[in-house]
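Participant: One line per chain: the protein sequences are A and B, in this order.
All residue numbers for the first sequence refer to the working numbering, where the first residue is 61 and numbers rise by one.
All residue numbers for the second sequence refer to the working numbering, where the first residue is 61 and numbers rise by one.
Since the hints were derived computationally from the structure, they do not count as laboratory data.
For every residue, glycine included, the Cβ atom is placed at its ideal position computed from N, Cα and C.
Any given hint might turn out to be false.
What the hints assert, rightly or not - Derived Cβ-Cβ restraints for the label pairs, each shown as a range:
| hint | chain 1 | residue 1 | chain 2 | residue 2 | range |
| --- | --- | --- | --- | --- | --- |
| 1 | A | S237 | B | G189 | 49 to 57 Å |
| 2 | A | K89 | B | G367 | 43 to 51 Å |
| 3 | A | Y443 | B | N272 | 29 to 37 Å |
| 4 | A | K341 | B | G118 | 38 to 46 Å |
| 5 | B | G367 | A | M109 | 45 to 53 Å |
| 6 | B | I378 | A | M109 | 49 to 57 Å |
| 7 | B | I378 | A | K341 | 43 to 51 Å |
| 8 | B | I378 | A | D146 | 55 to 63 Å |
| 9 | B | D225 | A | L182 | 36 to 44 Å |
Stated by the list, open to error - Per the computed footprint, the stretches of chain A lying under chain B, defined by three or more beta-carbons under 8 Å from a beta-carbon of chain B, are:
| hint | segment |
| --- | --- |
| 10 | 130 to 138 |
| 11 | 315 to 324 |
| 12 | 350 to 358 |
There are 2 protein chains.
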Amino acid sequence: MKKYKSMSDEEQQAELKLQNSRYEVFKSKNLSYDMTRGKPGADQLDISMALLNDNLIGNGKDANGNDCRNYGLVDGIPEARKLFGDILDVKPEQVIVSGNSSLNIMYDTIVRCLLFGAGPDLKTWASQGRIKFICPAPGYDRHFAICEQLGIDMITVELKEDGPDMDVVEKLVSEDSSIKGLWSIPKYSNPTGIVYSDKVVERLATMKTAANDFRIFWDDAYSVHFLNNEPAKLRSILKACEDAGNPDRPFVFTSTSKITFPGAGISAMAASKKCIEFFGKLINIQTIGPDKLNQLRHVRFLKDYNGIIEHMKKHAAILKPKFDAVLSILNKELTGLDIAVWSNPEGGYFINIDTIDNCATKIVKMSKNCGLLLTPAGATFPYKKDPKDTNIRIAPTFPPLNQLGEAIEIMCICIKIVSLESLLSIE
Amino acid sequence: MKKYKSMSDEEQQAELKLQNSRYEVFKSKNLSYDMTRGKPGADQLDISMALLNDNLIGNGKDANGNDCRNYGLVDGIPEARKLFGDILDVKPEQVIVSGNSSLNIMYDTIVRCLLFGAGPDLKTWASQGRIKFICPAPGYDRHFAICEQLGIDMITVELKEDGPDMDVVEKLVSEDSSIKGLWSIPKYSNPTGIVYSDKVVERLATMKTAANDFRIFWDDAYSVHFLNNEPAKLRSILKACEDAGNPDRPFVFTSTSKITFPGAGISAMAASKKCIEFFGKLINIQTIGPDKLNQLRHVRFLKDYNGIIEHMKKHAAILKPKFDAVLSILNKELTGLDIAVWSNPEGGYFINIDTIDNCATKIVKMSKNCGLLLTPAGATFPYKKDPKDTNIRIAPTFPPLNQLGEAIEIMCICIKIVSLESLLSIE
Chain A
61 MKKYKSMSDE
71 EQQAELKLQN
81 SRYEVFKSKN
91 LSYDMTRGKP
101 GADQLDISMA
111 LLNDNLIGNG
121 KDANGNDCRN
131 YGLVDGIPEA
141 RKLFGDILDV
151 KPEQVIVSGN
161 SSLNIMYDTI
171 VRCLLFGAGP
181 DLKTWASQGR
191 IKFICPAPGY
201 DRHFAICEQL
211 GIDMITVELK
221 EDGPDMDVVE
231 KLVSEDSSIK
241 GLWSIPKYSN
251 PTGIVYSDKV
261 VERLATMKTA
271 ANDFRIFWDD
281 AYSVHFLNNE
291 PAKLRSILKA
301 CEDAGNPDRP
311 FVFTSTSKIT
321 FPGAGISAMA
331 ASKKCIEFFG
341 KLINIQTIGP
351 DKLNQLRHVR
361 FLKDYNGIIE
371 HMKKHAAILK
381 PKFDAVLSIL
391 NKELTGLDIA
401 VWSNPEGGYF
411 INIDTIDNCA
421 TKIVKMSKNC
431 GLLLTPAGAT
441 FPYKKDPKDT
451 NIRIAPTFPP
461 LNQLGEAIEI
471 MCICIKIVSL
481 ESLLSIE
Chain B
61 MKKYKSMSDE
71 EQQAELKLQN
81 SRYEVFKSKN
91 LSYDMTRGKP
101 GADQLDISMA
111 LLNDNLIGNG
121 KDANGNDCRN
131 YGLVDGIPEA
141 RKLFGDILDV
151 KPEQVIVSGN
161 SSLNIMYDTI
171 VRCLLFGAGP
181 DLKTWASQGR
191 IKFICPAPGY
201 DRHFAICEQL
211 GIDMITVELK
221 EDGPDMDVVE
231 KLVSEDSSIK
241 GLWSIPKYSN
251 PTGIVYSDKV
261 VERLATMKTA
271 ANDFRIFWDD
281 AYSVHFLNNE
291 PAKLRSILKA
301 CEDAGNPDRP
311 FVFTSTSKIT
321 FPGAGISAMA
331 ASKKCIEFFG
341 KLINIQTIGP
351 DKLNQLRHVR
361 FLKDYNGIIE
371 HMKKHAAILK
381 PKFDAVLSIL
391 NKELTGLDIA
401 VWSNPEGGYF
411 INIDTIDNCA
421 TKIVKMSKNC
431 GLLLTPAGAT
441 FPYKKDPKDT
451 NIRIAPTFPP
461 LNQLGEAIEI
471 MCICIKIVSL
481 ESLLSIE
């Protein structure tokens, strides 16, 4: 296919007419597709139904004989701390296992930093005036929403193929002591699917920061969420920071939300022993303990790290065909037109598309008018402002496979129409 | 038995010798009893094991067809909101159902008031300098610990037989706009077991407050935790405040911690529709939703309000003999000596004892030396300071019935010894 911008006006007009007629056909079908969020499909949830088997609980005692039905164990049960320690390659005593939401732990951790400081003997963030977070983008809208709600200013930094633009990050943090944090999804990043390189991890760990209470929020949400063969290798930020003499710098988060049930999983935070003890004491006033029966259930269902990998292969078997279906249509519809580039991720929950400038908002709106809900344009950037208005996040996991083809075809048609209108300067 | 203080010095000396010899007998047995916390016993937890039956979950869909295994429903599933609405006599839309800890909701609610205000269009508490809470005492140590951690000053007010001393409360809140909150456990209060009278509820609802953002933290932890026949009647603070034109004043909290499993129950907050919507929006950034499978499990296990009452009768059948055993020994050992007064609660988790002045700390220490752990003296007061050092909280629920007799006998002996030493001015 010829590049759109190499076409004559007449060719562009003809192509626009063709795509508009395709659009009208779909529109007349009154379709309803939702690809807004990275939710597992019902078939993926079915994989974990044995998690609910009451035999897993037995008498409710953990490895140390504690009755998980009763109060206590604010840091989580020992076998759950070990399991997450294995996933995150860190000692169990550096892990706190909590309730069903790692987002909740991240939010609460930032609140704790605001009210009590980012570790023992540090000033509270709230006492230091306006503070800032570095937000590699495109990124996760809910990270940015936390900053917005808590009054933390966001600095957008480009997320490249191997992680954030480190030249920019290093310069920023070395010069500005009001920069207290950096968001990151280091593996199978939401939405671009990239994995941080060893070099980027190294630079994050070793860089000089003007603030002595700067923290990396390392949201390892897709740690074991591979599509092919095995999880990508990611250098341990905890070890790298320890080696660099900055052991308290990283706060690591993960959960079983997309391993078992998003609504009923368990979550964890890992950090230096010093910070974990500091936060553990604070949490001990906030709650008497997490849901330990659900922790017990999860450990007995997932067993160990290898058990998780085997379990994740079942997810991959469902997800790979969905990702392939999306990619195949993107290839078929858009290859050679020079109006979009897209990712081909090895894991995670998203396919990322970048269109030509100033088109994403119109494409999402046009898709919606045809019954296809996409993540709102801009959502993947701080303050919901995509500076070039090019980024579209595709979440292919929730719709059934047999609906994906039609949904992505609609999106591609909209990309074509909006691109052509842009080239033809049609408002 | 003769009152201790009416005895001659010689009689007191003889009695002291007798009690000391009893103490030594127990001490030589190397006992180990823990009555520090209001934890259900294992036999109580066994009542709810059918909660774990995976048949309760079925396909995981709630009343509206939402898949509870997946993300969403930050305010809780509709049937759980209704169930707690029935317990608290309030509409489901005034209820948010959360995770396993109502303490966690209380803590987070105070943090929200600090950072975002106690409702829409109000100044944040944090922006108003030092703020204060009224703390009726004796009360719940974990309420006071939250205030201490969050830097909220505490004003101790006497908790009487029908609630806080309202003459004092009314005067305080009318004069001091920095008083933003009042803690309360209105039914079967921890530790004294009292129930707030209708008149006290009325006065709390109607009193004039200098602060326009004053809130009552109504911890209805023992709402259905009766020992005899049926729950005590408690006037609805939500309705009373609504009638008084102060609908946003009360924040009500409860949970199933002592209905099903303390470690794995569900919890709820109720307030005016306006405040619930305000907090719901804030929570929506903190988390994607609570553990909805556990909510579904609970609703299907407990069924409805009547189901809960029937279920609570099973707890009462286990707890009543324990409370009776404690009371019977207190009566036998201490009646007529004029050295202690104690409660005879109709529900809840505690029996409260007040000794003669300046004895509680010594009694708790002496009990510990004999293998009996009691709640630390002072724990039931703000800053852990019992001004008269007389209050001891007995938590009879956790030890098995056959151990209670010995444990309470030890405590009574310690009360006698310390009282006699006090009368004899022995240090």
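Participant: Next, verify each hint and record whether it holds.
Facilitator: Here's how the hints hold up against the structure:
1. The beta-carbon spacing between S237 of chain A and G189 of chain B, approximately 27 Å, falls outside the hinted interval of 49 to 57 Å.
2. Distance hint check: the CB atoms of K89 of chain A and G367 of chain B are about 47 Å apart, consistent with the given range 43 to 51 Å.
3. Taken as a hint, the range 29 to 37 Å holds for the pair Y443 of chain A and N272 of chain B, whose Cβ atoms sit roughly 32 Å apart.
4. For K341 of chain A paired with G118 of chain B, a C-beta distance near 41 Å keeps the hint of 38 to 46 Å intact.
5. Between G367 of chain B and M109 of chain A the C-beta distance comes to about 26 Å, which lies outside the given range of 45 to 53 Å.
6. With their beta carbons about 34 Å apart, I378 of chain B and M109 of chain A fall outside the hinted range of 49 to 57 Å.
7. Distance hint check for I378 of chain B and K341 of chain A: the Cβ-Cβ separation is about 34 Å, which falls outside the suggested range of 43 to 51 Å.
8. Checked against the given bound of 55 to 63 Å, the beta carbons of I378 of chain B and D146 of chain A, roughly 40 Å apart, lie outside it.
9. A beta carbon spacing of about 41 Å between D225 of chain B and L182 of chain A agrees with the range 36 to 44 Å that was offered as a hint.
10. Given a C-beta distance limit of less than 8 Å, the hint that chain B covers the segment 130 to 138 of chain A holds, as 4 residues qualify and 3 suffice.
11. Note: the segment 315 to 324 of chain A has 5 residues with beta-carbon separation from chain B under 8 Å; the three-residue rule is met and the coverage holds.
12. For the segment 350 to 358 of chain A, the stated coverage by chain B holds: 5 residues have a C-beta nearer than 8 Å to a C-beta of that chain, and at least 3 were required.
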